[in-house]
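Engineer: Each chain, written out:
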Amino acid sequence: NAGVTQTPKFRVLKTGQSMTLLCAQDMNHEYMYWYRQDPGMGLRLIHYSVGEGTTAKGEVPDGYNVSRLKKQNFLLGLESAAPSQTSVYFCASSQGQGWNSPLHFGNGTRLTVT
Amino acid sequence: ELKVEQNPLFLSMQEGKNYTIYCNYSTTSDRLYWYRQDPGKSLESLFVLLSNGAVKQEGRLMASLDTKARLSTLHITAAVHDLSATYFCAGPRGSSGGYQKVTFGTGTKLQVIP
Chain A
1 NAGVTQTPKF RVLKTGQSMT LLCAQDMNHE YMYWYRQDPG MGLRLIHYSV
51 GEGTTAKGEV PDGYNVSRLK KQNFLLGLES AAPSQTSVYF CASSQGQGWN
101 SPLHFGNGTR LTVT
Chain B
115 ELKVEQNPLF LSMQEGKNYT IYCNYSTTSD RLYWYRQDPG KSLESLFVLL
165 SNGAVKQEGR LMASLDTKAR LSTLHITAAV HDLSATYFCA GPRGSSGGYQ
215 KVTFGTGTKL QVIP
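Top to bottom, those sequences are chains A and B.
Per this note's numbering, residue 1 is the first one in the first sequence, and the count goes up by one each step.
Per this note's numbering, residue 115 is the first one in the second sequence, and the count goes up by one each step.
These aren't lab readings, by the way, just hints derived from the structure by calculation.
This structure is a prediction, so every number in the text was calculated from the model and none was measured.
Among the hints, a few may not be true.
Cut-off 20 Å, straight-line C-alpha distance, at most; resulting in silico cross-link-like pairs (SDA-like, lysine to any residue) [said to hold, decoys possible]:
1) B:Lys-117 with A:Gly-58
2) B:Lys-117 with A:Arg-44
3) B:Lys-155 with A:Gln-37
4) B:Lys-117 with A:Pro-61
Residues from chain A shown here face chain B by an in silico Cβ test under 7 Å; the list is partial [stated by the list, open to error]:
5) Gly-40
6) Leu-45
7) Phe-105
The beta-carbon is built from N, C-alpha and C at its ideal position, and this holds for glycine as well.
Given the sequences, and given the hints that come with them, work out the whole structure.
Structural biologist: Rendered as structure tokens:
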């Protein structure tokens, strides 16, 4: 049971380059999320999705775009990377409908923008 | 908007000792989550506390929730080295299930010294 899978695990970009992070979940979860983790700041929500074909902004959406064309996949795009986007990115999913629905996280993508 | 504060931010303790991590949150919430993150790894759900007075225990960890005081605690009993990790508490930003955006605390890095 793979759970939540993120690719790639590591990436180095130059300022201005673009890239897409892929998140796939096999738990049939409706809800998916992208977080970034920075030292001393916990996790901050970038974007989220409450179902196939839907996306919404989180706390820190600027500079990122997302798409959820298929229920199992949630893509995070950086159109023009900036050094401030150096971070560890986590995808998560949740069953979402009930009260007892913790987040299931992927293993993270470490992104460095130079 | 929900704000979540944890203390201490860093905790170094000897094996066999007891300690408590505190999680204060700023608005009314009847749910609180605890997650664990090992160094360089993803986050995994530890506890889901669903109501005032909820107490959950697993092994040497026990979590409780006091919604009136807006406080959750994670108590460590007779710490062992394997508990070394960063612990996050998180509360939901929405008022009901479904649109489950959560706000994470900054984390408590626990180091258990043999």
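Engineer: Each hint should be assessed against the structure and marked as holding or not.
Structural biologist: Quick rundown of the hints versus the structure:
no.	hint	result
1	B:Lys-117 with A:Gly-58	holds (15 Å)
2	B:Lys-117 with A:Arg-44	holds (12 Å)
3	B:Lys-155 with A:Gln-37	holds (12 Å)
4	B:Lys-117 with A:Pro-61	holds (18 Å)
5	Gly-40	holds (6 Å)
6	Leu-45	holds (6 Å)
7	Phe-105	holds (4 Å)
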